[in-house]
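**Q** Sequence:
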Amino acid sequence: MGATEMTPDKRKSILVLHDAGLKLSAISEATHRSIGMCHKVIKLRDTPSKPSRRGKLKKVTERDQLVKVQEGLEPELLPRHQTAHKK
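Numbered by full-length UniProt numbering, the letters in the sequence shown go through residues 1 to 87 in order.
Among the hints, erroneous ones may be present.
Stated by the list, open to error - Subject to a maximum C-alpha distance of 27 Å in a straight line, what follows is the list of computed DSSO-like cross-link-like pairs (lysine-lysine):
| # | residue 1 | residue 2 |
| --- | --- | --- |
| 1 | 56 | 12 |
| 2 | 10 | 23 |
| 3 | 12 | 23 |
| 4 | 10 | 56 |
| 5 | 43 | 59 |
Worth flagging that the hints you see were computed from the coordinates, not collected in a lab. Being a predicted model, the structure only gives us computed values, none of them experimental.
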């Protein structure tokens, strides 16, 4: 028996009850959810979802970067001594 997914309506009801000033235990009883789940919903209220950081980041070689510059995907990156100085 696994946990059921929290619906947006349930999340909203937990937040409304919290904004009304109810304690976590009262919110838990009213929504039939655990105190921990109610706490998590309140704690993560305004946190934007973050993309997954699983796995190793792709290594970008000089050749890959050169191909991107040639295709026009990225602005050309010149070494310091080749940059144009405006006067």
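**Q** Does each hint fit the structure? Answer for all of them.
**A** Now for the hints, and whether the structure bears them out:
1. For the suggested pair residue 56 and residue 12, the alpha carbons sit about 36 Å apart, so the restraint of at most 27 Å is broken.
2. About 16 Å separates the Cα atoms of residue 10 and residue 23, which keeps this hinted pair within 27 Å; it holds.
3. For the hint linking residue 12 to residue 23, the alpha-carbon distance of about 16 Å falls within 27 Å, and the restraint holds.
4. Straight-line distance between C-alpha atoms of residue 10 and residue 56 comes to about 36 Å, which puts the hinted pair past the 27 Å bound.
5. Our distance criterion of 27 Å between C-alpha atoms is broken by residue 43 and residue 59, whose separation comes to about 35 Å.
In the structure shown, a violation is registered for the earlier hints numbered 1, 4 and 5, in ascending order.
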